[in-house]
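**Q** Single-letter residue listing:
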Amino acid sequence: MERSGRDYALWTIAIALVVIFALIPVVWLISISLKPPEALTDQRFIPSDVSFDNYKSLFEGGIDDSPFIKPLINSIGIALITTAISIVLASFCAYAIARLEFPGKRVILAGALAIAMFPPISTVGPLFDMWRALGLYDTWLGLIIPYLTFSLPLAIYVLVAFFREIPWELEQAAQVDGATPFQAFTKVIVPLAAPGVFTAAILVFIFCWNDFLFAISLTSSDASRTVPAALAFFTGESSFTAPTGSIAAAAVVVTVPIIIFVLIFQRRIVAGLTAGAVKG
Amino acid sequence: MTVNAPANPNPPEAAPAKASSRTRSEHKLAWMLCAPAVLAMLLVTAYPIAYAIILSLQDVDLRFPDEGGFVGLSNYSAVLSSDLWWTDIFNTVFIMLISVSIELVLGMAIALVMHRAIFGRGVVRTSVLIPYGIITVVAAFAWQFAFSPETGFVNNLPLISDEMDWFGGRFSSFAVIIMAEVWKTTPFMALLLLAGLVTIDSQLYEAAKVDGASAWQRFTRITLPLMKPAILVALLFRTLDAFRVFDTIFVMTRGALDTESVSILGYNQLISRLNLGLGSAVSVLIFLCVFLIAFVFVKGFGAKVEEGRPGG
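Residue numbers (the numbering used here), protein chains in the order written: chain A, 166 to 445; chain B, 2 to 313.
By construction, these hints were calculated from the structure, which means they are not laboratory data.
Check each hint, because a few of them may be wrong.
Result set (DSS-like, lysine-lysine): computed pairs, CA atoms no more than 27 Å apart in a straight line [stated by the list, open to error]:
(1) B:K29 <-> A:K270
(2) B:K300 <-> A:K270
(3) A:K221 <-> A:K235
(4) B:K300 <-> B:K210
(5) B:K210 <-> B:K229
(6) A:K270 <-> B:K210
(7) B:K305 <-> B:K210
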């Protein structure tokens with residue numbers, strides 16, 4: 166097919182616009198985080214002077230005095246634990262839905278969908294009250310439980326979509342060839358299911374990592390406050406300095422690794438985000 | 002594929018005579034596998050919403066723990082007769098309608114670019130995933146700093162007044178809030194729409210071209226009608242998500258200057274003012290609004306939710 170030079174020019178402009186639009190906030194955050202305090206109000210998109218003071222102040226004072234290290238540990242820990250539990254529970258459930266016939270299957274899928282639409286704010290009040298009575302307020306578990314609930318529908322849908330694509334008859338074929346049921350499962354099915362499970366895990370992790378509402382409602386201290394909540398309560402070095410530089414530096418620290426990760430696994434993530442969205 | 006399709010790709014090949022006991026054990030196994038996930042999902046939804054309804058019928062204010070008791074629907078009448086609730090409903094619906102409309106148009110444009118691109122498809126896909134990977138609060142801070150008259154670069158741009166105080170007025174705040182929301186969630190819309198686009202048979206376009214249809218006619222007569230189911234499901238999920246808007250507003254204005262959303266109102270009543278009775282009434286009303294939106298999409302517009310999936 167012949168393409169004119171004008172077509173190429175138009176596509177280049179369209180693509181450039183999308184790329185610039187996506188990148189502006191990231192480049193901008195990096196830019197502010199590198200500006201020394203006196204240059205913060207220079208309104209320049211690219212800093213004229215580069216300083217790493219904002220990053221140093223984030224980690225100053227070690228684990229006890231730094232405003233950032235504990236929330237970072239909380240965020241990583243809570244998201245990893247939730248992801249692990251969510252993926253195990255969702256895998257069992259998705260396996261049953263993809264492979265077995267049983268009454269209630271539609272109800273489970275419909276219920277999971279309803280929970281995905283559920284407004285989290287409607288559960289915040291009761292959870293706040295219950296967690297204080299149960300001693301779960303301001304603990305890791307107090308956040309892990311609601312994250313588990315709201316990430317399970319996502320994990321189940323992604324896994325069901327992936328599990329339905331697995332050629333399960335290979336399992337029987339392996340057994341015919343002399344493999345034990347356990348070998349057939351671990352040597353044949355697990356490698357086939359692993360990409361889907363990994364994709365679901367990435368999506369669940371990002372979901373937990375992103376949460377703000379539960380994080381500010383059910384925590385009150387560095388014991389369990391995650392990064393998004395900590396950022397909202399950041400204060401400056403003294404009451405005279407705005408925390409802009411520190412917020413930007415902290416934002417870069419929690420953003421850049423995730424972006425790199427997302428870009429490495431982009432094919433998987435796109436597959437996961439659109440899994441089951443279309444008949445195929 | 003349809004997530005909710007009842008057909009099992011590998012139906013068990015049990016002999017009819019043995020079917021009942023085998024079926025029964027299969028049901029039992031299936032339920033044992035599903036039970037933990039189902040319990041975990043109900044734990045923080047069914048029970049709390051029931052508890053929220055009970056709280057909303059009582060006078061529960063944690064600042065005055067000795068007072069209290071059953072007050073009937075008076076919390077609801079207090080909320081529904083307050084100007085604040087209706088202002089917040091207006092704000093929420095306003096932000097929701099505008100941001101979802103822009104997302105649909107932009108998302109469709111990006112999906113078409115990705116689908117029809119002569120080159121650079123990978124670059125576009127890579128860039129649209131960046132907003133997806135960024136924490137909403139972080140994106141909100143980035144845009145807030147960008148539009149702030151002190152630290153921002155936006156007022157330095159041509160056509161924009163140096164003096165513009167974006168967060169000094171209600172609708173200029175909405176403009177920034179909507180732009181941040183659109184930036185963060187358009188990728189998800191674009192990917193869902195792209196998934197719908199790729200299922201359209203390209204021969205339809207070739208045939209239309211032969212018959213002399215213009216690009217615009219091909220889009221409105223082929224693409225849009227065939228994508229209606231995918232568009233409706235994407236719209237439903239994004240609309241519900243937009244109705245819950247909280248993070249961006251909390252970071253940018255904390256609801257000042259009448260920019261509060263209903264979720265911020267609920268948070269303020271529950272967590273800041275510790276008024277669990279009134280706050281729960283707000284929570285239950287938000288729940289009913291979400292239910293109503295879903296109902297309108299499914300019954301009114303015929304969105305086939307069973308073909309959809311939870312958002313990321």
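**Q** Against the earlier hints, flag every one the structure doesn't satisfy and list their numbers going up.
**A** 4, 6 and 7
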